[in-house]
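A.B. asks: Sequence:
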Amino acid sequence: FTITNRVLVPAARYAPDGRTLAIASYDGLVILRDALTKKELKSFRAHPRNCWSVTFSPNGKVMATTSRDDHEVKLWDAETAKLLVAFPPLSQEAVCVAFSPDGKRLATVGYSPYTKGIPAEVKIWDTASYQYLGQLAGHRSFVCRAQFSPDGSLLATGDGEGTVRLWDIATQKESQSFTGHRGFVGAVRFSPDGKILATADQHGAIILWDCAARSALRTLSAHQSPIYDLAISPDGKRLASASLDHTAKLWDLETGEELATFRGHFGRVWTVDFAPDGKTLVTASMDGTVRFWSAAPKRESELFAGDWAALGFSPARSDQLWDLTNRIRILPAHAAKVNALALSPDGQTLASGSDDTTVRLWDMATGQPADNPVLHGNAGAVTALAFSTDGKTLAAGSFDGPIKLWCVSARQEVGSLKGHLSRIQQLAFSPDGRTLASSSYDGTVRLWTAPSFAEIDVESKSRDAP
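The sequence shown begins at 1 in my numbering and counts up by one.
Heads up, a few of these hints could be off.
[Unchecked claim] Straight-line C-alpha distance at most 20 Å; calculated PhoX-like pairs for lysine-lysine:
#, residue 1, residue 2
1, Lys123, Lys173
2, Lys82, Lys61
3, Lys195, Lys237
4, Lys38, Lys279
5, Lys173, Lys104
6, Lys404, Lys418
7, Lys237, Lys279
8, Lys104, Lys123
9, Lys42, Lys61
10, Lys82, Lys42
11, Lys39, Lys104
12, Lys404, Lys392
Keep in mind the hints are simulated off the structure, nothing from the lab.
Work out the full structure, taking the sequences as your base and the hints as a guide.
C.D. replies: If you want it as structure tokens, here you go:
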């Protein structure tokens with residue numbers, strides 16, 4: 001299941017009871033949704049813009065939000081969305097907070113990665129009186145994440161020099177440190193029993209530390225890009241990671257075995273969180289979507305369509321054809337990631353669109369390329385495809401906004417629709433074939449009418465796409 005937002009989504013977090021999901025939005029809003037039905041419950045403006053994180057207190061009664069724009073950390077009543085307190089703005093971008101397990105302490109993190117020589121701003125606050133309790137001094141560079149140990153005695157932080165530090169909350173002094181990362185540490189996470197600390201870095205590596213022995217248990221070569229969030233299942237058996245390589249992954253915490261890779265986002269994945277029952281993962285991405293995944297180890301999800309076959313695609317450089325029980329064949333389709341598929345109304349032709357800027361046509365009977373199979377001329381990566389109801393026209397949307405119209409039989413471009421300012425998300429023809437609908441990450445839905453496909457509608461008034 002996917003929730004689509006008009007703007008970037010830096011964070012999504014479950015409430016402790018699992019009933020509510022809070023989503024932080026780049027436009028400054030926090031959106032609360034029913035975690036089961038996914039319906040919006042309420043939304044409120046937490047910050048003028050760039051709400052970067054949202055976190056529930058352990059009892060679920062309070063939410064904390066941060067902003068990289070106004071540098072503020074705020075606490076809200078989770079039920080009424082009433083502002084409880086706005087702490088004095090940090091001198092740096094406010095990127096995250098961490099509640100202690102008893103909810104009595106709050107750690108706030110200020111982040112300044114672009115200025116050398118400025119240490120991290122990690123402060124501790126009393127959540128009852130809202131009083132400032134002190135700042136943890138010792139980092140020589142920025143900090144991205146912080147987390148309390150399960151017993152609340154320690155706070156873990158990771159800095160821009162690759163050092164992980166554990167702080168004694170009672171004394172506010174450094175208790176111990178771990179070194180081993182080659183670049184900045186983007187995420188830290190304790191196991192529920194506090195015995196293992198998982199940390200991740202800018203090179204996509206995860207290190208699992210034995211907290212008692214103060215040594216590394218193992219290192220996982222997890223992702224191809226920086227990792228900015230980790231989550232551990234409530235039973236302590238699985239680890240989830242979120243990366244800027246557009247994927248999230250699931251790991252066996254004891255063995256380090258990779259259990260699953262979750263593909264589907266078209267942008268950086270900033271956060272990952274387990275539902276309290278451990279059965280579902282939620283990820284938030286800069287592509288404007290929040291996605292839900294089964295946390296049970298299994299094959300990649302299969303998308304079935306029609307009464308005879310199923311079509312699925314992954315960001316791998318190939319398409320895969322499936323019948324209702326088994327894979328039929330793999331098509332060596334493109335030189336880059338495949339983003340979109342469309343099946344012609346007669347079921348004879350499959351169109352695939354890719355980051356390589358091409359559209360390719362396939363004969364469904366043979367699984368081979370159709371005659372003159374490659375359609376060139378798209379402005380950028382192809383992100384959406386749709387056949388007209390008579391199968392004569394193929395619409396192709398791109399990352400940069402233009403929509404190309406192709407005559408399928410002649411393999412010729414017959415039109416270019418300009419109006420969107422960002423990536424085309426979806427395309428659909430009306431049943432009578434007279435209207436083409438397009439949605440984009442610029443926040444608009446546009447309608448185009450045949451035969452000229454002149455625009456006949458304007459910006460969608462809805463914040464969320466259907």
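A.B. asks: Can the restraint linking Lys404 and Lys392 be considered satisfied, given a maximum Cα separation of 20 Å?
C.D. replies: holds, 14 Å
A.B. asks: For the pair supplied as a hint, Lys237 and Lys279, is the alpha-carbon distance within the 20 Å limit?
C.D. replies: Roughly 12 Å separates the two Cα atoms, so the pair holds.
A.B. asks: Against the 20 Å threshold, does the CA-CA distance of Lys173 and Lys104 hold or violate the hint?
C.D. replies: Holds, because 19 Å separates the two Cα atoms, which is no more than 20 Å.
A.B. asks: With a cut-off of 20 Å on the C-alpha distance, tell me whether Lys82 and Lys61 pass.
C.D. replies: Roughly 11 Å separates the two Cα atoms, so the pair holds.
A.B. asks: Between Lys82 and Lys42, does the CA-CA distance stay at or below 20 Å?
C.D. replies: At roughly 12 Å apart (the allowed maximum being 20 Å), Lys42 and Lys82 satisfy the hint.
A.B. asks: Are Lys42 and Lys61 close enough, with their CA atoms no more than 20 Å apart?
C.D. replies: The hint holds at about 16 Å.
A.B. asks: Does Lys237 sit within 20 Å of Lys195, going by the straight-line distance between their CA atoms?
C.D. replies: Holds, at about 12 Å.
A.B. asks: Next pair to validate is Lys404 with Lys418; report whether the Cα-Cα distance is within 20 Å.
C.D. replies: holds, 9 Å
A.B. asks: Can the restraint linking Lys123 and Lys173 be considered satisfied, given a maximum Cα separation of 20 Å?
C.D. replies: holds, 12 Å
A.B. asks: If you draw a straight line from the CA of Lys38 to the CA of Lys279, is it 20 Å or shorter?
C.D. replies: holds, 16 Å
A.B. asks: Take the C-alpha atoms of Lys104 and Lys123, compute the straight-line distance between them, and say whether it is at most 20 Å.
C.D. replies: holds, 14 Å
A.B. asks: Need the status of pair Lys39, Lys104: alpha-carbon distance at most 20 Å?
C.D. replies: This hinted pair is violated, its Cα atoms lying about 31 Å apart.
Hint check: a violation occurs at hint 11 only; the rest are consistent with the structure.
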